[in-house]
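Enquirer: Sequence:
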Amino acid sequence: MKEVLFKEKFPQLNLPECNPRITEEEGRLLIFDSIRKKHLVLTPEEWVRQHWIYFLVEKNQYPKGLLVTEKGLTYNKLQKRTDILVRNQEGAPYLLVECKAPNVPINQKTVDQAAIYHFKLKSNFLILSNGFSHIFLKYDFSKNQFLQEKNLPKAPFSH
5 MKEVLFKEKF
15 PQLNLPECNP
25 RITEEEGRLL
35 IFDSIRKKHL
45 VLTPEEWVRQ
55 HWIYFLVEKN
65 QYPKGLLVTE
75 KGLTYNKLQK
85 RTDILVRNQE
95 GAPYLLVECK
105 APNVPINQKT
115 VDQAAIYHFK
125 LKSNFLILSN
135 GFSHIFLKYD
145 FSKNQFLQEK
155 NLPKAPFSH
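Just so we're aligned: 99 in our numbering is position 95 of the sequence shown, and the numbers increase by one with no gaps anywhere.
No lab work stands behind these hints: they were computed from the structure. Heads up, the beta-carbon is just placed ideally off N, CA and C, and yes, glycines get one too. One or more hints might be untrue.
Taking lysine-lysine and the DSSO-like style, the derived pairs with C-alpha atoms no more than 27 Å apart in a straight line are [to be verified]:
hint, residue 1, residue 2
1, Lys154, Lys124
2, Lys147, Lys126
3, Lys41, Lys63
4, Lys147, Lys113
Simulated DEER-style distance windows between Cβ atoms [to be verified]:
hint, residue 1, residue 2, range
5, Glu94, Lys11, 36 to 44 Å
6, Lys124, Phe10, 31 to 39 Å
7, Asp144, Glu12, 13 to 21 Å
8, Arg25, Phe145, 16 to 24 Å
9, Ser146, Glu29, 48 to 56 Å
10, Gln16, Gln149, 32 to 40 Å
11, Thr27, Val72, 22 to 30 Å
12, Gln112, Ile26, 30 to 38 Å
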């Protein structure tokens, strides 16, 4: 893929640069997923997801073993998949990251989709991101509502 086209489709994001391992196979670009330990088809959404994985693990010390990508769940008899789920050390859902392609706005539809995943999994935190805009939410279980946070929650363990 020509460099100009690549940068258009996979722009520099509002996340730390991660230098992903990208290869080309049978005319398709593949990106290495360090969580699943395999190459995946590189899509704009996957570009954002891999940057988030790098940001969580390498820049914020989230233990790689607590991250799960593309976790399946059923909602109203439909199969859905979360983008990134971080579990705490007891294995309970801690943080859910819903990634969108860079050209997809974070809007009410995105919030509603992520809220469905949240209510199914009961995570403490929720992040919505298209790589440029990020919304950090904390769920207040006593008030049954999300509260907007300014920053990424700390990794789910204590030193």
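Enquirer: With reference to the structure, classify each hint as holding or not holding.
Expert: Each hint, compared with the structure:
no., hint, result
1, Lys154 <-> Lys124, "holds, 24 Å"
2, Lys147 <-> Lys126, "holds, 14 Å"
3, Lys41 <-> Lys63, "holds, 19 Å"
4, Lys147 <-> Lys113, "holds, 22 Å"
5, Glu94 <-> Lys11: 36 to 44 Å, "holds, 42 Å"
6, Lys124 <-> Phe10: 31 to 39 Å, "holds, 36 Å"
7, Asp144 <-> Glu12: 13 to 21 Å, "violated, 40 Å"
8, Arg25 <-> Phe145: 16 to 24 Å, "violated, 39 Å"
9, Ser146 <-> Glu29: 48 to 56 Å, "holds, 50 Å"
10, Gln16 <-> Gln149: 32 to 40 Å, "holds, 35 Å"
11, Thr27 <-> Val72: 22 to 30 Å, "holds, 24 Å"
12, Gln112 <-> Ile26: 30 to 38 Å, "holds, 33 Å"
When held up to the earlier numbered hints, the structure conflicts with 7, 8 and fits the remainder.
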